[in-house]
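Taken in order, these protein sequences are the chains called A and B. Here the first sequence is numbered in this note's numbering, starting from 3 and rising by one per residue. Here the second sequence is numbered in this note's numbering, starting from 3 and rising by one per residue.
Hints are computed from structural coordinates only; laboratory data are not their basis. Note that beta-carbon positions come from the ideal geometry of N, C-alpha and C, so glycine has one too. Do not rely on the hints blindly, as some may be mistaken.
Output of the computed footprint for chain B on chain A, the stretches with three or more beta carbons under 8 Å from beta carbons of chain B [what the hints assert, rightly or not]:
#1 26-38
#2 117-129
#3 132-143
Computed spacing ranges between beta-carbons, pair by pair [to be verified]:
#4 Pro261/A to Gly168/B: 26 to 36 Å
#5 Asp151/B to Pro280/A: 55 to 65 Å
#6 Asp153/A to Pro60/B: 37 to 47 Å
#7 Arg247/A to Pro60/B: 41 to 51 Å
#8 Asp103/B to Glu169/A: 39 to 49 Å
#9 Lys147/B to Ala229/A: 32 to 42 Å
There are 2 protein chains.
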Amino acid sequence: MIPMNLLGAGKKATYLNTGVWSKKAIKEARLFGEINVAYSSEEQKFNRVPTEDEYSVPEDSEYLYLVSNNTIYGTQFPTFPTTDKMLVCDMSSDILSRRLDVSKFGLIFAGAQKNMGPAGVTVVIIRDDLLDRTPEKIPTMLCYKTHADNDSMFNTPPCFSIYVVGEVLKWLKKQGGVVAMEKRNQEKAALLYAAIDATDYYRGHAEPASRSLMNISFNLPSPELEAQFIGEATKVGLNGLKGHRSIGGCRASIYNAFPREGVVKLVEFMQEFEKNNPA
Amino acid sequence: MIPMNLLGAGKKATYLNTGVWSKKAIKEARLFGEINVAYSSEEQKFNRVPTEDEYSVPEDSEYLYLVSNNTIYGTQFPTFPTTDKMLVCDMSSDILSRRLDVSKFGLIFAGAQKNMGPAGVTVVIIRDDLLDRTPEKIPTMLCYKTHADNDSMFNTPPCFSIYVVGEVLKWLKKQGGVVAMEKRNQEKAALLYAAIDATDYYRGHAEPASRSLMNISFNLPSPELEAQFIGEATKVGLNGLKGHRSIGGCRASIYNAFPREGVVKLVEFMQEFEKNNPA
Chain A
3 MIPMNLLGAG KKATYLNTGV WSKKAIKEAR LFGEINVAYS SEEQKFNRVP
53 TEDEYSVPED SEYLYLVSNN TIYGTQFPTF PTTDKMLVCD MSSDILSRRL
103 DVSKFGLIFA GAQKNMGPAG VTVVIIRDDL LDRTPEKIPT MLCYKTHADN
153 DSMFNTPPCF SIYVVGEVLK WLKKQGGVVA MEKRNQEKAA LLYAAIDATD
203 YYRGHAEPAS RSLMNISFNL PSPELEAQFI GEATKVGLNG LKGHRSIGGC
253 RASIYNAFPR EGVVKLVEFM QEFEKNNPA
Chain B
3 MIPMNLLGAG KKATYLNTGV WSKKAIKEAR LFGEINVAYS SEEQKFNRVP
53 TEDEYSVPED SEYLYLVSNN TIYGTQFPTF PTTDKMLVCD MSSDILSRRL
103 DVSKFGLIFA GAQKNMGPAG VTVVIIRDDL LDRTPEKIPT MLCYKTHADN
153 DSMFNTPPCF SIYVVGEVLK WLKKQGGVVA MEKRNQEKAA LLYAAIDATD
203 YYRGHAEPAS RSLMNISFNL PSPELEAQFI GEATKVGLNG LKGHRSIGGC
253 RASIYNAFPR EGVVKLVEFM QEFEKNNPA
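Take these sequences, add in the hints, and give me the full structure.
Below is the structure:
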C-alpha cells in the first residue's frame, strides 16, 4: 500500500535491502515507482544493516524505506537514519520495544503479531499531510485516507484482534511502558549475546554492530549439534529455537512478552549443552 | 480484488446493483474494466432483487456479479441466475445458510463475520483455471494465485480467527450441516414474515419475492413507535433491532447462530407491542 499511496508515475523512493521483508517490499514498490536500492547486504546473507556512511539518499526520493528489525537474520538498526528525507518503516517485529522519535517518520506500519497482539491486524501511523497524496484510481480499500477518514471502520474491522491489542497495550503500560520495555529488552539481549560471545562454540549470525534485541540468530559447531540442541531444548520447555529455513541454525526470539527468566534459563541450558557435547 | 484479478484493459463484466455492497463493488470494478450494470433497484430503495427476465448478460461479459443477500434492505436472491456466464458472488451475509450448486460460480467470497466466525477473515472459493488469469503487474498480495499457491499462508494468516471459523464449522456439522441449517432458516424466517403479514401494523421493506431469510427489515406505523419498539425490545433481551441508518425502521438479523426460540420470542413481543400501542 505504501508505494501505491505515496508514489506513482515518475516518482522515486530509496530502499535499504536488509532482509526478506525489505526485498519483498522493493519488488512490490517497483510496480508503482522508480526504486533506488541504496544498500544491500544480501550477498552477506543479510548479516548486517548499514551505517549511514554506507549509502546516500538521492534528493529526488520521496522517502527512505527501511525494515527496523530483521527477524530471520537477527539484525536491527541500532539507531534510525538522520537523513532529511522522511522515513517509511516496517516495524512489525520491534514496535514498542524501544523509544523512538516518531517525528522523523512519514509512515510506520507494523503487523501486530510480534509485540502487540494476534496476527490479523496491522497498525499504521501516518503523517496527516500524506493522506492527500494518493494518486487517483487506486481502490478505495487500499487508500490510507479511506481508513483515516472512517476511524479505521470503513470495513468491519477485526474486532477481536483489536481488542486483544488493547489488552496488550494495557499490560505494556503496567510494565512501565516502552521505557521499561526497552531497558528489559537490552538486558535480555545482553545476557544472551554475552553467552554467545563467551565461547567459540556458539557463533552469532549478525555482525555485532547490527545485532537485534528481538531475534538472536546463532550457530553451533555443526548442523547435527544444532538439531540435537533444538531437540533437547524443546524437552525442557525452551521452544521455537529452530532458525528460519533460509539460513538454518538457531534463533531465539525474545519479544516484549518473553520474560528475563526465560533468557536466564536458555543461557544455563546453552552452557550445560556445550559441556555435555564438546565440538 | 476480483476485477483486479479477472478484468483488465478492454475486459467487461456485468453487475446487478441490489444494495450498498454491490454499488461499492461496481465503483471499484470500474477502475479495472468496463462495467455494465444490467439491473438496479436503487430508485426503489433496493427493496427487491431482479428476476431473470429483468436483465440480460452481454456475450462479452467475463462474469455476472451479484450480492447474494443484502443485509440492510433484507433482500436475497431466492435462486441463482441460470446464465451460461460464470457467476461471481459476494456471499458474506448468507454463506452456509442454504444449499447451492457451486459449479455455477467462478468465484465466491464471504467475510466470515455473519455465518462463519469473527470479523477479520474472508473465505474465497475460486475456480482453478481463474488463478492464471491475473494480469501482470498487480501486487503479489492482491493476486489470488499467491494465496492458492501458498495454502493461504503467503503472509502470516489471522490464526485465531481461522481457528474460530473451524470451530463454527464443526458446530454447523453437528447441527446437521447446511441442509439442516437451510430448513431451520426457512422456518425462522417464515415465522417472522407471517407475523409481519398478519397485520397492517408491521410492513416489510422487501418485496415478498425478494425476501431475505437472514435479515428481515420492517417498519411500524411511525418512527416514534419504531423507536419505542426498539427500546422496549432491548429491555427484554431482543437486541440489535434498529434498522440501518440508510433506511431506518427495524431489522431482525437471524443468521445461522440465531435460535428459533429467539424468533418465537420476537413474534410474541411484536403481537404484544401492537396490542399495547395501537397506531
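Numbers of unmet hints, in rising order: 5
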